[in-house]
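Student: Position chain V against the provided structure of chain E, taking the given hints into account.
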Amino acid sequence: DVKVTQSSRYLVKRTGEKVFLECVQDMDHENMFWYRQDPGLGLRLIYFSYDVKMKEKGDIPEGYSVSREKKERFSLILESASTNQTSMYLCASSLELAKNIQYFGAGTRLSVL
Amino acid sequence: GQQLNQSPQSMFIQEGEDVSMNCTSSSIFNTWLWYKQDPGEGPVLLIALYKAGELTSNGRLTAQFGITRKDSFLNISASIPSDVGIYFCAGQLRGTSYGKLTFGQGTILTVHP
Chain E
1 DVKVTQSSRY LVKRTGEKVF LECVQDMDHE NMFWYRQDPG LGLRLIYFSY
51 DVKMKEKGDI PEGYSVSREK KERFSLILES ASTNQTSMYL CASSLELAKN
101 IQYFGAGTRL SVL
Chain V
1 GQQLNQSPQS MFIQEGEDVS MNCTSSSIFN TWLWYKQDPG EGPVLLIALY
51 KAGELTSNGR LTAQFGITRK DSFLNISASI PSDVGIYFCA GQLRGTSYGK
101 LTFGQGTILT VHP
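Protein sequences, first through last, are from chains E and V. Mapped onto the numbering used here, the consecutive letters of the first sequence carry residue numbers 1 to 113. Mapped onto the numbering used here, the consecutive letters of the second sequence carry residue numbers 1 to 113.
Keep in mind that the hints were calculated from the coordinates and are not lab data. Just so we're clear, the structure is a prediction, and the values are computed from it rather than from any experiment. Note that CB positions come from ideal geometry on N, CA and C, so glycine has one too. Be a bit skeptical, because a hint or two may be false.
[Said to hold, decoys possible] Below, in silico cross-link-like pairs of lysine to aspartate or glutamate (DMTMM-like), each with a Cα-Cα straight-line distance of 25 Å or less:
{"#": "1", "chain 1": "V", "residue 1": "100", "chain 2": "E", "residue 2": "72"}
{"#": "2", "chain 1": "E", "residue 1": "70", "chain 2": "E", "residue 2": "26"}
{"#": "3", "chain 1": "V", "residue 1": "51", "chain 2": "E", "residue 2": "96"}
{"#": "4", "chain 1": "E", "residue 1": "18", "chain 2": "E", "residue 2": "1"}
{"#": "5", "chain 1": "E", "residue 1": "55", "chain 2": "E", "residue 2": "38"}
{"#": "6", "chain 1": "E", "residue 1": "99", "chain 2": "V", "residue 2": "71"}
{"#": "7", "chain 1": "E", "residue 1": "71", "chain 2": "V", "residue 2": "41"}
{"#": "8", "chain 1": "V", "residue 1": "70", "chain 2": "E", "residue 2": "22"}
{"#": "9", "chain 1": "V", "residue 1": "70", "chain 2": "E", "residue 2": "96"}
{"#": "10", "chain 1": "E", "residue 1": "3", "chain 2": "E", "residue 2": "62"}
{"#": "11", "chain 1": "E", "residue 1": "70", "chain 2": "E", "residue 2": "30"}
{"#": "12", "chain 1": "E", "residue 1": "3", "chain 2": "V", "residue 2": "83"}
{"#": "13", "chain 1": "V", "residue 1": "70", "chain 2": "E", "residue 2": "1"}
{"#": "14", "chain 1": "V", "residue 1": "100", "chain 2": "E", "residue 2": "69"}
{"#": "15", "chain 1": "V", "residue 1": "70", "chain 2": "E", "residue 2": "59"}
{"#": "16", "chain 1": "V", "residue 1": "100", "chain 2": "E", "residue 2": "96"}
{"#": "17", "chain 1": "V", "residue 1": "100", "chain 2": "E", "residue 2": "56"}
{"#": "18", "chain 1": "V", "residue 1": "100", "chain 2": "E", "residue 2": "1"}
{"#": "19", "chain 1": "V", "residue 1": "100", "chain 2": "E", "residue 2": "62"}
{"#": "20", "chain 1": "E", "residue 1": "99", "chain 2": "V", "residue 2": "38"}
{"#": "21", "chain 1": "E", "residue 1": "99", "chain 2": "E", "residue 2": "30"}
{"#": "22", "chain 1": "E", "residue 1": "53", "chain 2": "E", "residue 2": "30"}
{"#": "23", "chain 1": "V", "residue 1": "100", "chain 2": "E", "residue 2": "30"}
{"#": "24", "chain 1": "V", "residue 1": "51", "chain 2": "E", "residue 2": "26"}
{"#": "25", "chain 1": "E", "residue 1": "99", "chain 2": "V", "residue 2": "54"}
{"#": "26", "chain 1": "E", "residue 1": "99", "chain 2": "V", "residue 2": "41"}
{"#": "27", "chain 1": "V", "residue 1": "100", "chain 2": "E", "residue 2": "17"}
{"#": "28", "chain 1": "V", "residue 1": "51", "chain 2": "E", "residue 2": "62"}
{"#": "29", "chain 1": "E", "residue 1": "13", "chain 2": "V", "residue 2": "71"}
{"#": "30", "chain 1": "V", "residue 1": "100", "chain 2": "E", "residue 2": "51"}
{"#": "31", "chain 1": "E", "residue 1": "18", "chain 2": "E", "residue 2": "96"}
{"#": "32", "chain 1": "E", "residue 1": "70", "chain 2": "E", "residue 2": "51"}
[Unchecked claim] Just a few of them, taken from the derived set where beta-carbon distance is under 10 Å, the chain V residues facing chain E:
{"#": "33", "residue": "19"}
{"#": "34", "residue": "28"}
{"#": "35", "residue": "90"}
{"#": "36", "residue": "99"}
{"#": "37", "residue": "100"}
{"#": "38", "residue": "103"}
The following block holds chain E by itself, in its conformation from the complex (with noise of 0.2 Å):
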């Protein structure tokens, strides 16, 4: 079964700091995305990455920043956060980006107070 591992579940964090959001997938993928889940609003996908070191935003990549070292680990930066990121993270991985299947982790629920 493929596993993809998102750090924390539940993150609680004020205005103005700095926010790291770590995944990590199991099965070699190559592919990794980050999206935002918002009620009403579905899944929006905030930045994807094809390959290590590489990146390629998505629909609403604005205050947020993403980091891939390692195959495996897809990290999502928000530099400096606000109440208007609060919201419920997903962190997916994929093996052949043409069949389109992602794989998701549970969630990261993020308040910005």
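Tutor: Structure of chain V alone, referenced to chain E:
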């Protein structure tokens, strides 16, 4: 902005009833996928569709890729309590990169025993 319209937003049904939900768009999609998210977990893939007109089943679930490539539906037959959760459609828009999925807003399903 949102390019997929998923309906209904929520459903309250009795155990044993059949369920139908759909996603529509004004744009053409190359791939349609249906995911289910259990409370406190990440989405899990139910069915993937790759060709217009394709009809695929997975147990009590059946999904179809619309012939116009602008819609898809998911049916669940003889619902059971463990069908409770949020169902998402997702698709890859024609002209976008592999891996860049657009998600619907989700359908929240409640099943009364």
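Student: Taking the hints in turn, state whether each one holds.
Tutor: Hint check:
For a cut-off of 25 Å, the pair hint linking residue 100 of chain V to residue 72 of chain E stands: about 20 Å separates their Cα positions. A C-alpha spacing of about 12 Å is found between residue 70 of chain E and residue 26 of chain E, which places the hinted pair at or below 25 Å, so the restraint holds. Our distance criterion of 25 Å between C-alpha atoms is met by residue 51 of chain V and residue 96 of chain E, whose separation comes to about 17 Å. Proximity of residue 18 of chain E to residue 1 of chain E is assessed by CA-CA distance (about 33 Å); at most 25 Å being required, the pair is judged violated.
Between the alpha carbons of residue 55 of chain E and residue 38 of chain E the distance comes to roughly 23 Å, so the proposed pair stays at or under 25 Å and holds. About 18 Å separates the Cα atoms of residue 99 of chain E and residue 71 of chain V, which keeps this hinted pair within 25 Å; it holds. A hinted pair counts as satisfied when its Cα atoms are at most 25 Å apart, and residue 71 of chain E with residue 41 of chain V qualifies at roughly 24 Å. Using a Cα cut-off of 25 Å, the hinted pair residue 70 of chain V and residue 22 of chain E is violated, with the two alpha carbons roughly 35 Å apart.
Between the alpha carbons of residue 70 of chain V and residue 96 of chain E the distance comes to roughly 23 Å, so the proposed pair stays at or under 25 Å and holds. For the proposed pair residue 3 of chain E and residue 62 of chain E, the alpha carbon gap of about 28 Å is over 25 Å, so the pair is violated. In summary, the hint linking residue 70 of chain E to residue 30 of chain E is supported, as the alpha carbons are separated by about 10 Å, within the 25 Å threshold. At roughly 23 Å between alpha-carbon atoms, residue 3 of chain E and residue 83 of chain V fall within 25 Å of each other, so this suggested pair holds.
At most 25 Å may separate the alpha-carbon atoms for a hinted pair to count; residue 70 of chain V and residue 1 of chain E exceed this at roughly 32 Å. Distance hint between residue 100 of chain V and residue 69 of chain E is fulfilled; the C-alpha atoms sit about 21 Å from each other, no more than 25 Å. A C-alpha spacing of about 20 Å is found between residue 70 of chain V and residue 59 of chain E, which places the hinted pair at or below 25 Å, so the restraint holds. Distance hint between residue 100 of chain V and residue 96 of chain E is fulfilled; the C-alpha atoms sit about 12 Å from each other, no more than 25 Å.
Pair hint residue 100 of chain V plus residue 56 of chain E holds up; C-alpha atoms about 10 Å apart against a cutoff of 25 Å. Restraint check for residue 100 of chain V and residue 1 of chain E: the C-alpha separation of about 23 Å stays at or below 25 Å, so the hint holds. Between residue 100 of chain V and residue 62 of chain E the alpha-carbon distance is near 17 Å, which keeps this suggested pair within the 25 Å criterion. At roughly 23 Å between alpha-carbon atoms, residue 99 of chain E and residue 38 of chain V fall within 25 Å of each other, so this suggested pair holds.
In summary, the hint linking residue 99 of chain E to residue 30 of chain E is supported, as the alpha carbons are separated by about 13 Å, within the 25 Å threshold. With a C-alpha separation of about 11 Å, the suggested pair residue 53 of chain E and residue 30 of chain E falls inside the 25 Å cut-off, and the hint holds. This hinted pair checks out: residue 100 of chain V and residue 30 of chain E have alpha carbons roughly 14 Å apart, not beyond 25 Å. Distance check on the hinted pair: residue 51 of chain V and residue 26 of chain E sit about 30 Å apart at the alpha-carbon level, beyond 25 Å; violated.
About 15 Å separates the Cα atoms of residue 99 of chain E and residue 54 of chain V, which keeps this hinted pair within 25 Å; it holds. A hinted pair counts as satisfied when its Cα atoms are at most 25 Å apart, and residue 99 of chain E with residue 41 of chain V qualifies at roughly 23 Å. Of the supplied pair hints, the one linking residue 100 of chain V and residue 17 of chain E is violated, its CA atoms being roughly 29 Å apart against a limit of 25 Å. This hinted pair does not check out: residue 51 of chain V and residue 62 of chain E have alpha carbons roughly 34 Å apart, beyond 25 Å.
For the given pair, residue 13 of chain E sits about 40 Å from residue 71 of chain V by alpha-carbon distance, which is inconsistent with the 25 Å threshold. Only pairs whose Cα atoms come within 25 Å are accepted, and residue 100 of chain V paired with residue 51 of chain E is accepted, the gap being roughly 15 Å. Between residue 18 of chain E and residue 96 of chain E, the direct Cα distance comes to roughly 32 Å. Violation of the 25 Å bound is thereby established for this hinted pair. With a CA separation close to 9 Å, the supplied pair residue 70 of chain E and residue 51 of chain E stays within the 25 Å bound.
With 10 Å as the threshold, the beta carbon of residue 19 of chain V stays out of range of chain E, its nearest partner Cβ sitting at about 19 Å, so the hint is violated. This hint is violated: residue 28 of chain V has a C-beta 15 Å from the nearest C-beta of chain E, more than the 10 Å allowed. For residue 90 of chain V, the interface hint holds, the least distance from its beta-carbon to any beta-carbon of chain E being 8 Å, beneath 10 Å. Checking residue 99 of chain V against chain E by beta carbon gives a least distance of about 4 Å; that is within 10 Å, so the hint holds.
Satisfaction of the interface hint for residue 100 of chain V is found here, the shortest Cβ-Cβ separation to chain E being roughly 6 Å, below the 10 Å cut-off. Because the beta carbon of residue 103 of chain V sits about 4 Å from the nearest beta carbon in chain E, less than 10 Å, this interface hint is met.
In terms of the numbered hints stated before, the structure departs from hints 4, 8, 10, 13, 24, 27, 28, 29, 31, 33, 34, listed from lowest to highest.
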